[in-house]
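Taken in order, these protein sequences are the chains called A and B.
Using our numbering, the first residue of the first sequence is number 27, and each one after it goes up by one.
Using our numbering, the first residue of the second sequence is number 4, and each one after it goes up by one.
The hints are simulated quantities; they were obtained by calculation from the structure and are not laboratory data.
Since this is a predicted model, take the numbers as computed values, not measurements.
There could be a bad hint or two in this list.
Claimed, not checked - With a Cα cut of at most 27 Å, we get these calculated BS3-like pairs of lysine-lysine:
hint, chain 1, residue 1, chain 2, residue 2
1, B, Lys189, A, Lys442
2, A, Lys41, B, Lys230
3, B, Lys66, B, Lys32
4, B, Lys88, B, Lys189
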Amino acid sequence: MKPTDILAYAFSAIKLRKLRAALTTLGVVIGIAAIVALLSITQGLQVAIASQLQKGFATDTLIVTAGRADSGFSLLVDDTRIISQIENVTTALAIIQRVGYVKNADGQARRVTIVGVDFKAYKEVYSSTFIAEGGTEIPSNPENTAVVVGKRVSDPWGNGTIFCKAGDTVEILWTNTTARPLRNETYTGNVVAVLQEVGGFSIGGPSDTSIYISIMQAQSFFGTDKCEMIIVKLKSNDKTTIESTAKAIRSLFGGQVTVTSATAVLNTISSVFSTIELFLAGIAAISLLVAGIGIMNIMIVSLMERTREIGILKALGMKNHTVLLIFLTEAAFIGLMGALIGVGTGWALAELVVRIFSANGGVGFGVRQGGQAALAGGIAITPVLTPTVLLGAIAFGLLVSVVFALYPAWRASRLKPVEALRYE
Amino acid sequence: MAVVETINLRKVYMLGKVPVEALRGVNLKVEEGEFLSVLGPSGSGKSTLLNLIGALDKPTDGKVFVDGVDVSTLNENELASLRRKIGFVFQFFNLIPRFTALENVELPMAIASVGKGERRRRAAELLETVGLADRMNHKPTELSGGEQQRVAIARALTNNPRFLLMDEPTGNIDSKNAMEIMRLVKRLNEEKGVTIIMVTHDQRLAKETRRTVHMLDGLIVDETVNKP
């Protein structure tokens, strides 16, 4: 029998039981749609986060922090000098940060992270995120009173209701926890620049909810020579440079420090996502297996209903493998239809879910940053449907359908003509 | 050479746990161009004989030769090919309900990989031969019993079979239409020289054929030549 005739014959059998075929197809649609929706949302999330991280991380940096809290060891601002002398290090900059308040001219206060950095070096390391909005500029040699504020400090609600802007005078407040009794320290600063929106989060890099003051000012204001972290910029971001420099820094401080590579963090995050993806795909695959069992079920019912028909076909000279092919073609057709509709439905579902979440102010991705949740400026996700997922889903739907039809099709092909013809 | 020959053909069925001897050593020879009827009461083994000759079933013992080929030596695929050279006509027509008369007649040719155009042309021609030129696009449910059997006969003729096997072809048709079917079958035999083996329990129908073998309890017990 010619392939086109096999196809036509299989199709005529499906057409005869439209509702049943439609319901079976629906099973496949749900399975495939679940896989596609889950995978495209996770992949979209991964892309969004990875791009945020790459922006906020700078892959050629190392972050040095004090190791154990109970060891009594602290990093000093001056440690940047010795770190700078290590091979492959271009810049090392210290970061001092405290949670505090900033008060505007109207007397309103906002809780912020006050970050002390060397503006010039910080601009160099985070050249894509430590950038001022149009009209303002981050000075390389700032006055002691100079303050750079993050986008969400300037415009906290993202609706143009400005808390403070470049040129404003603000009061900066910090509760000195080392003094007894506790004492509120304040000074008056001038907002010289507002950062462009960074979005998302980062480690060490600029954030929308922080304010930035010069490292010298921070040292005197907070009354300390200690710093929370040192950011090290390397000559290159290849693995050996990252590893050898990290090792050199660790040995310089006798193992008292933790050296984190942005690249390593990115890799960890991406491997975590792969696991999540696999897990979700696994759950979705189960629903497809259920659909497969549905296919097997209707194929067996169909086989019983059509026993006599199979007897006729065999009496007319149809070969066993042709009978097998007809049944497999029927299943493949249902699988293919289900997979195609499923991919479309899954994609639409992903778009819908993302839109519903976006309408509620971005996908909730509250990352705690310096003791404060970065609520504003959540990450915008665009579902990603890679060709691999697209073709994989279609192939998987087809495969499951055909595999589950194998047994009924095989049984149909093995029917004895004389018995099949006698079947009522 | 005989078109069909059976030698000491035996068939034992298991009816539950009880073995039933349907055929107990049947020797039969059918020559080219013959119109043979197998007459016997129900349970005499005549349908079993037909199934074995048609390669739809395998004998317990003995041999069936079709065109000199021992059917027992053929594998499943070869049996399927052999069946394409045999035209089956069943008591209950066995048409595919979702296909029109034309499509039903086309089916054996589709199975034999005949091209669409050729198939359609020949199916139409055969339906005309059996007198159904104006009913081609009707489905079996829209046709009378007699008409359905004509479609089945047209279908049996499509691949130019070596012989037709008819199992009670008029058993499910009223007597007026039954006579017309018999006239059609006789005409096919006389005018086109088609070899026909017909199983029936109806003596009047058997008399219409040229030779009758009588079966009883799984054996051929008598043979008569009918005068036209």
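Would you mind confirming whether the straight-line C-alpha gap from lysine 41 of chain A to lysine 230 of chain B stays at or under 27 Å? violated (52 Å)
Does the structure keep lysine 66 of chain B and lysine 32 of chain B at a Cα separation of 27 Å or less? holds (12 Å)
Is the hinted pair lysine 88 of chain B and lysine 189 of chain B satisfied, with a Cα-Cα distance of at most 27 Å? Given that 27 Å is the threshold and the Cα spacing comes to 20 Å, the pair holds.
Can the restraint linking lysine 189 of chain B and lysine 442 of chain A be considered satisfied, given a maximum Cα separation of 27 Å? violated (32 Å)
In terms of the numbered hints stated before, the structure departs from hints 1, 2, listed from lowest to highest.
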